[in-house]
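S.K.: Please build the complete structure, drawing on both the sequences and the hints.
The residues making up each chain are set out below.
Number of protein chains: 2
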Amino acid sequence: MKLLEDMILEKGKVIDDNILKVNSFINHQVDSKLMKEIGLEFSNYFKNRGITRVFTIESSGIAPAVMTSYELDVPLVILKKQISSTLDDDIYQTKIKSFTKNITYNLTISKDYINSNDRILIIDDFLANGEASKGAIKIIENAGATVVGIGIVIEKSFQNGRNYLDNLGYDVYSLARIKSLKNGKIEFLD
Amino acid sequence: MKLLEDMILEKGKVIDDNILKVNSFINHQVDSKLMKEIGLEFSNYFKNRGITRVFTIESSGIAPAVMTSYELDVPLVILKKQISSTLDDDIYQTKIKSFTKNITYNLTISKDYINSNDRILIIDDFLANGEASKGAIKIIENAGATVVGIGIVIEKSFQNGRNYLDNLGYDVYSLARIKSLKNGKIEFLD
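If you read the sequences in order, they're chains B and V.
Under our numbering, the residue at position 81 of the first sequence is numbered 81, and the numbers go up by one with no gaps.
Under our numbering, the residue at position 127 of the second sequence is numbered 127, and the numbers go up by one with no gaps.
Honestly, the hints are just simulated from the structure, not real lab data.
Be a bit skeptical, because a hint or two may be false.
Note that the list lumps identical chains together, so a pair holds whenever it fits in one copy or between two copies.
[Said to hold, decoys possible] Here are the simulated EDC-like pairs of lysine to aspartate or glutamate, each with C-alpha atoms no more than 16 Å apart in a straight line:
| id | residue 1 | residue 2 |
| --- | --- | --- |
| 1 | Lys11 | Asp112 |
| 2 | Lys179 | Asp190 |
| 3 | Lys2 | Asp190 |
| 4 | Lys33 | Asp73 |
| 5 | Lys81 | Glu58 |
| 6 | Lys47 | Glu37 |
| 7 | Lys179 | Glu5 |
| 8 | Lys13 | Glu187 |
| 9 | Lys36 | Glu71 |
| 10 | Lys36 | Asp73 |
| 11 | Lys21 | Asp112 |
| 12 | Lys13 | Asp112 |
| 13 | Lys95 | Glu141 |
| 14 | Lys33 | Asp6 |
| 15 | Lys80 | Glu58 |
| 16 | Lys33 | Glu71 |
| 17 | Lys111 | Asp90 |
M.R.: Next comes the structure, spelled out in structure tokens:
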């Protein structure tokens, strides 16, 4: 997505070989017009596949995901990150590890917002090692529902999340694919 | 807002005299079409006031706030809730207490996304005791910026947040004002 790549080049900050900060337009300050375009792009790619719900993980995925769910005209479900695990028959829960923050979360959803007929699109802001996506997939498949695809705003293609998801046969659509952040330089995959 | 009040009556769950759950269309599952209408309504009320940024607090305020910032054509800034306090010259931080969750957070913003010329609209999903709004106001005013108004999706008018903000002279616009949740019955203010 040209608009997104241009903004990453203009406003992204390379912290080291692995970390790109996009706090000025995606994570902390949010460019809502860009989010609208992202929603249109994901909707365009994933339309006509019988999607019933969009899932995202709190909190940086919410802005692009709400725009996507608006365009697809289906509800958005926000998977909650809980620090402590909860014993409750009314929820599905799975542990995920954030390598960036070095914290383990309990990804949590009420059973009210998923069922075995659901065909779900997962939207997230970043794909690195794929821990968040793996957690969302696990919850969806435990509920007997189908993962139709995964829409990612920025993929760090040099980390192993994309390969992992490709190998399992998921349809991953990333709007910007970063090949390398070496020497402070942002390079995209073609 | 009639559409919102109707959904609250239809889908809201009164847990006790103080707690209304709107997990099926605002907090956990999100009705994006409703969020769009909410964004239009806030934008309509607060337009022509020179707003430069919309602020919200992660994470349930993000969906209505991103729609509002889209309509107003200004950036959204997400105030982060950090568990631990951080000593950093590049941020503003203030403590807020969540009565619902009985946790104290450090509401945090990078100084990059606020300046003394900013005219800011705060958007949040709920107004109860007003702790979150007070925290956001404190951060904004510490930075020398102006709070133009506060847009609330659901106000629990029987708690003291609204009075507190009114007494300080802030323009609070709530889309649904709940007078009482007694005996499991939802009553709105006229």
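S.K.: Does each hint hold? Answer for all of them.
M.R.: Cross-check of the supplied hints:
no.	hint	result
1	Lys11 - Asp112	between (40 Å within a copy, 13 Å between copies)
2	Lys179 - Asp190	within (9 Å within a copy, 57 Å between copies)
3	Lys2 - Asp190	within (11 Å within a copy, 49 Å between copies)
4	Lys33 - Asp73	between (19 Å within a copy, 8 Å between copies)
5	Lys81 - Glu58	both (7 Å within a copy, 12 Å between copies)
6	Lys47 - Glu37	within (15 Å within a copy, 23 Å between copies)
7	Lys179 - Glu5	within (12 Å within a copy, 49 Å between copies)
8	Lys13 - Glu187	within (13 Å within a copy, 50 Å between copies)
9	Lys36 - Glu71	both (9 Å within a copy, 11 Å between copies)
10	Lys36 - Asp73	both (14 Å within a copy, 11 Å between copies)
11	Lys21 - Asp112	between (35 Å within a copy, 13 Å between copies)
12	Lys13 - Asp112	between (40 Å within a copy, 13 Å between copies)
13	Lys95 - Glu141	within (15 Å within a copy, 39 Å between copies)
14	Lys33 - Asp6	within (14 Å within a copy, 30 Å between copies)
15	Lys80 - Glu58	both (6 Å within a copy, 12 Å between copies)
16	Lys33 - Glu71	both (14 Å within a copy, 9 Å between copies)
17	Lys111 - Asp90	within (6 Å within a copy, 41 Å between copies)
Consistency with the previously given hints is maintained throughout, with no hint failing.
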